[in-house]
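My request is simple: use the sequences and hints to build the entire structure.
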Amino acid sequence: MDLPPDKAKLLRNYDLEKKWEIICDQDMVQAKDSPAHYLNKLRTYLDPKASRSHRKRKMVGDSTSTQVLRDLEISLRTNHIEWVREFLNEQNQGLDVLIDFR
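If you want this note's numbering, it's the position in the sequence shown, counting the first as 1, plus 101.
Honestly, the hints are just simulated from the structure, not real lab data. No experiment lies behind these values; they were computed from the predicted model shown. By construction, the Cβ of each residue, glycine as well, lies at the ideal position given by its N, Cα and C atoms. Accuracy of the hints is not assured; some may be wrong.
[Unchecked claim] What follows is a list of derived Cβ distance ranges for each label pair:
| id | residue 1 | residue 2 | range |
| --- | --- | --- | --- |
| 1 | R203 | S135 | 35 to 45 Å |
| 2 | L117 | H138 | 35 to 45 Å |
| 3 | R144 | V185 | 29 to 39 Å |
| 4 | R113 | L196 | 28 to 38 Å |
| 5 | L117 | L147 | 47 to 57 Å |
[What the hints assert, rightly or not] Derived lysine-lysine pairs resembling DSSO-like cross-links, with alpha carbons at most 30 Å apart:
| id | residue 1 | residue 2 |
| --- | --- | --- |
| 6 | K150 | K133 |
| 7 | K120 | K110 |
| 8 | K150 | K120 |
| 9 | K108 | K120 |
| 10 | K108 | K119 |
| 11 | K133 | K119 |
| 12 | K133 | K110 |
| 13 | K133 | K120 |
Below you can see the structure in the form of structure tokens.
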């Protein structure tokens with residue numbers, strides 16, 4: 102877990118039962134959006150038809166490209182490893198999309 106020092110200290114003071122409860126709760130967390138959700142948005146930004154106007158290039162729905170990348174970063178850091186693997190798999194090709202996006 103990436104915690105600030107004060108929160109890490111608090112966590113270290115929990116008893117083993119409380120720590121186990123936190124771990125079990127973490128396993129129940131569901132990803133808000135699928136890898137395909139982010140990849141579809143990024144691919145829309147890469148679409149030459151959508152990039153004709155500068156405004157369309159920067160906005161998809163109510164999200165800017167910067168916001169989509171920030172949200173994707175958070176998802177890559179906080180979701181289970183299976184989510185990351187799905188993002189990177191041959192079907193989704195998430196790494197290729199990110200490289201093309203730069």
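Status of the hints after comparison with the structure:
1. For the pair R203 and S135, the supplied restraint of 35 to 45 Å is violated, since their beta-carbon distance comes to about 23 Å.
2. At about 37 Å, the beta-carbon gap between L117 and H138 stays in the expected band of 35 to 45 Å.
3. A hinted range of 29 to 39 Å is violated for the C-beta pair R144 and V185, which are about 19 Å apart.
4. The hinted window of 28 to 38 Å between R113 and L196 holds, with their beta carbons roughly 36 Å apart.
5. Distance hint check for L117 and L147: the Cβ-Cβ separation is about 48 Å, which falls inside the suggested range of 47 to 57 Å.
6. For a cut-off of 30 Å, the pair hint linking K150 to K133 stands: about 29 Å separates their Cα positions.
7. With a C-alpha separation of about 13 Å, the suggested pairing of K120 with K110 holds against the 30 Å cut-off.
8. In summary, the hint linking K150 to K120 is not supported, as the alpha carbons are separated by about 51 Å, beyond the 30 Å threshold.
9. Restraint check: the Cα-Cα separation between K108 and K120 comes to about 13 Å, which is no more than 30 Å; the hinted pair holds.
10. The hinted pair formed by K108 and K119 meets the criterion: a straight-line CA distance of about 14 Å does not exceed 30 Å.
11. Annotation: proposed proximity of K133 to K119 holds, straight-line Cα distance about 25 Å (limit 30 Å).
12. For the given pair, K133 sits about 29 Å from K110 by alpha-carbon distance, which is consistent with the 30 Å threshold.
13. Our distance criterion of 30 Å between C-alpha atoms is met by K133 and K120, whose separation comes to about 24 Å.
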